[in-house]
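Taken in order, these protein sequences are the chains called A and B.
Taking this note's numbering as reference, the numbering of the first sequence is continuous, increasing by one, and the terminal residue is 220.
Taking this note's numbering as reference, the numbering of the second sequence is continuous, increasing by one, and the terminal residue is 100.
Quick caveat, the hints were computed from the structure, so don't treat them as lab data.
There could be a bad hint or two in this list.
[Said to hold, decoys possible] Here are some chain A residues the structure puts well away from chain B; computed CB gaps all over 10 Å: (1) A139; (2) T154; (3) Q163; (4) A180; (5) G185; (6) G195.
[Unchecked claim] Cross-link-like lysine-lysine pairs, in silico, DSS-like; alpha carbons within 27 Å at most: (7) B/K45 / A/K73; (8) A/K73 / B/K76; (9) B/K97 / A/K73; (10) B/K20 / A/K73; (11) B/K80 / A/K73; (12) A/K213 / B/K45.
From a predicted model like this one, the values you see are computed outputs, not experimental measurements.
Where is the CB? At the ideal position from N, CA and C, for every residue including glycine.
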Amino acid sequence: MPVITIASPKGGSGKSTTSVILGTEMAHAGAEVTLLDCDPNRSITLWASRSALPPRMAVLSHVSESEIVRTIKQQDADGRIVIVDLEGVASRLVSRAISQADLVLTPMRATTLDATIGVRALALIAEEEEALGRSIRHAVVFTMTRAIKSKQHTAIEASLKGQGVDVIVPPLMERAAFSALFEFGGDLRSIPAQGRMDGATENAAAFAQEVYKRLVEASQ
Amino acid sequence: MSHGNAPFRIDIGNLKSRAKDSSPQAVEKVDSAGEKHGFVDREPKKQRGRKPSPRTGQVHAKVLPHIADDIANEQKRTGKTQGVLIEEAWALYRSQKATP
């Protein structure tokens, strides 16, 4: 089953939030999902400890550099979508997790700093494609975006698209409901209402659907 | 982008994982590709050397010279530290005291 690696060497770019939103939405849509928590900050483990896991979801914590390839392999054969959440550093764990991915998502905030550092993940993917002799599907998702796109956002998006980078639309917007997932656990349907829940749910589902589309294309 | 109200469903049959090389040779290639871009080993290293002893209490005993020699010889014979020998002797003393 497909492996989605969420990778960016930039901390605070929204990797764990993206992982939880994607995992819970895909599980809600009927898939069996395993989240691998490879971040020493244990954000996913913290989310999982807040309440019972949504149906069809499992979490594996404390996956280290030496175990990552083997763990992904084990889960890969298990008939599940595997989502790998990584720490925001440039580590060997990141490069190994990318090597086992069917799709790599690089979340980035629409800032020059996030884009500059996030692009290092894209350079690494290109290097690994060459080293392994296989293409690795990848895409960028903007996170914590506002309803009105900033000039910086527009410019970064245009620059990435100009370089042939796949940018997922819709981005994940800045929403109270998304950050509240780590306060209450569960998914967007189980947490107490935070702001415009229908908007958050629609955003999350549309994002997950776009990722699913890419997974299907990648497996053709 | 509108997805209307149609529920998003995943057809797991549409999703196929592609074969990925996970051989040690492939991992080595990936590691060196990563190193070129600064993605290096950042695993916390285990502390080397002997673990600190839990024996932090200390006694200041002066004994007769032949007892000191005896304890030293017993230490050499058993490979135990003098502290462990004193603990064993103390345990024996306590158990004998407890016996009426």
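Hint by hint, here is what the structure shows:
1. Distance check for A/A139 against chain B: the nearest CB is about 15 Å away, which clears 10 Å, and the non-interface claim stands.
2. Chain B leaves A/T154 outside its interface by the beta-carbon criterion, the shortest separation being 17 Å against a cut-off of 10 Å.
3. Remark: the non-interface label on A/Q163 is consistent with the geometry, its nearest Cβ contact in chain B lying 17 Å away (cut-off 10 Å).
4. For A/A180, the requirement that its beta carbon stay farther than 10 Å from each beta carbon of chain B is met, with the minimum near 21 Å.
5. Listed as outside the interface, A/G185 is consistent with that label: its C-beta sits roughly 22 Å from the nearest C-beta of chain B, beyond the 10 Å cut-off.
6. At the 10 Å boundary, the C-beta of A/G195 stays outside the reach of chain B, the nearest C-beta of that chain being 20 Å off.
7. Taking the CA atoms of B/K45 and A/K73, the gap is near 25 Å; set against the 27 Å cutoff, the hint holds.
8. Between the alpha carbons of A/K73 and B/K76 the distance comes to roughly 52 Å, so the proposed pair goes past 27 Å and is violated.
9. Restraint check for B/K97 and A/K73: the C-alpha separation of about 61 Å exceeds 27 Å, so the hint is violated.
10. Our distance criterion of 27 Å between C-alpha atoms is met by B/K20 and A/K73, whose separation comes to about 9 Å.
11. Distance restraint check for B/K80 and A/K73: the Cα-Cα separation of roughly 47 Å exceeds the 27 Å cut-off, and the hinted pair is therefore not satisfied.
12. Distance hint between A/K213 and B/K45 is unfulfilled; the C-alpha atoms sit about 41 Å from each other, more than 27 Å.
Hints 8, 9, 11 and 12 from the earlier list are contradicted by this structure; the remaining hints agree with it.
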